[in-house]
Amino acid sequence: MFALRENVQVDILCLATSWSLIEGALTGKGTTHGRGGKIYWPVALWLRPIFAIAGFGLLAFALIDFFRKLQN
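Per the numbering used here, the very first residue in the sequence shown carries number -5; after that it's consecutive.
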């Protein structure tokens, strides 16, 4: 049971990271959650496609892994 919970936490971490990368790719603003709130920083134009590919890749990994766990 503990291993399943730990793996779900990894899926949640992947979803949060993918959301942040996709947001940075679409809006051009990256976010850092630090002490006291969000800090926005500009994403370079050449990095935006890389953020989008990485974000959608992590999103696909998290969703596929989560639904595989539900089947088992």
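Mixed in with the good hints there might be a few duds.
Claimed, not checked - With a Cα cut of at most 20 Å, we get these calculated SDA-like pairs of lysine to any residue:
(1) LYS23 - VAL37
(2) LYS23 - ALA38
(3) LYS63 - ASP5
(4) LYS23 - LEU41
(5) LYS32 - LYS63
(6) LYS23 - ALA10
(7) LYS32 - SER14
(8) LYS23 - ASP5
(9) LYS63 - GLY51
(10) LYS23 - ILE33
(11) LYS63 - LEU9
(12) LYS32 - PHE55
(13) LYS63 - ALA10
(14) LYS32 - THR21
(15) LYS23 - PRO36
(16) LYS63 - LEU52
(17) LYS32 - GLY51
Stated by the list, open to error - Derived DEER-like restraints, expressed as beta-carbon distance ranges:
(18) LEU57 - TRP35: 37 to 43 Å
(19) ILE47 - ILE6: 29 to 35 Å
(20) VAL2 - PHE50: 18 to 24 Å
(21) HIS27 - GLN65: 15 to 21 Å
(22) LEU7 - GLN65: 19 to 25 Å
(23) THR26 - ASP59: 21 to 27 Å
(24) LEU7 - ILE44: 16 to 22 Å
(25) ILE6 - GLY30: 35 to 41 Å
(26) ARG62 - GLY30: 16 to 22 Å
Since the hints were made in silico from the structure, they are not lab data. Quick caveat: nothing in here was measured; it's all calculated off a predicted structure. Beta carbons: idealized from backbone N, C-alpha and C, even for Gly.
(message) Run the distance test for LYS23 versus PRO36: straight-line Cα separation, threshold 20 Å.
(response) Holds. LYS23 to PRO36 sits at ~5 Å (cutoff 20 Å).
(message) Between the alpha carbons of LYS32 and THR21, is the straight-line distance 20 Å or under?
(response) Given that 20 Å is the threshold and the Cα spacing comes to 15 Å, the pair holds.
(message) So if I understand the rule, the pair passes when the alpha-carbon distance is 20 Å or less; does LYS32 with LYS63 pass?
(response) violated (33 Å)
(message) Holds or violated: LYS23 and LEU41, Cα atoms, limit 20 Å.
(response) holds (11 Å)
(request) Could you see if the CB distance from LEU7 to ILE44 stays within 16 to 22 Å? (result) Check passed, 20 Å falls within 16 to 22 Å.
(message) Quick check: does the Cβ-Cβ distance between THR26 and ASP59 fall within 21 to 27 Å?
(response) The hinted range 21 to 27 Å holds for THR26 and ASP59, with Cβ atoms some 26 Å apart.
(message) So if I understand the rule, the pair passes when the alpha-carbon distance is 20 Å or less; does LYS63 with ALA10 pass?
(response) Within the cut-off at roughly 19 Å; holds.
(message) Check the hint pairing LYS23 with VAL37 against an upper bound of 20 Å on the C-alpha distance.
(response) Since the Cα atoms of LYS23 and VAL37 sit roughly 5 Å apart, the hinted pair holds (cutoff 20 Å).
(request) With 18 to 24 Å as the target window, see if VAL2 and PHE50 comply at their CB atoms. (result) holds (21 Å)
(request) Take a look at whether the Cβ-Cβ distance between LEU57 and TRP35 falls inside 37 to 43 Å. (result) For LEU57 and TRP35 the Cβ distance comes to about 28 Å; the hint is violated.
(request) Given the hint of 29 to 35 Å, check if ILE47 and ILE6 actually sit that far apart at their C-beta atoms. (result) violated (21 Å)
(request) Note whether the CB distance of LEU7 and GLN65 lies within 19 to 25 Å or breaks it. (result) holds (21 Å)
This entry does not satisfy hints 5, 8, 12, 17, 18, 19, 21, 25 and 26, going by the numbered hints stated previously.
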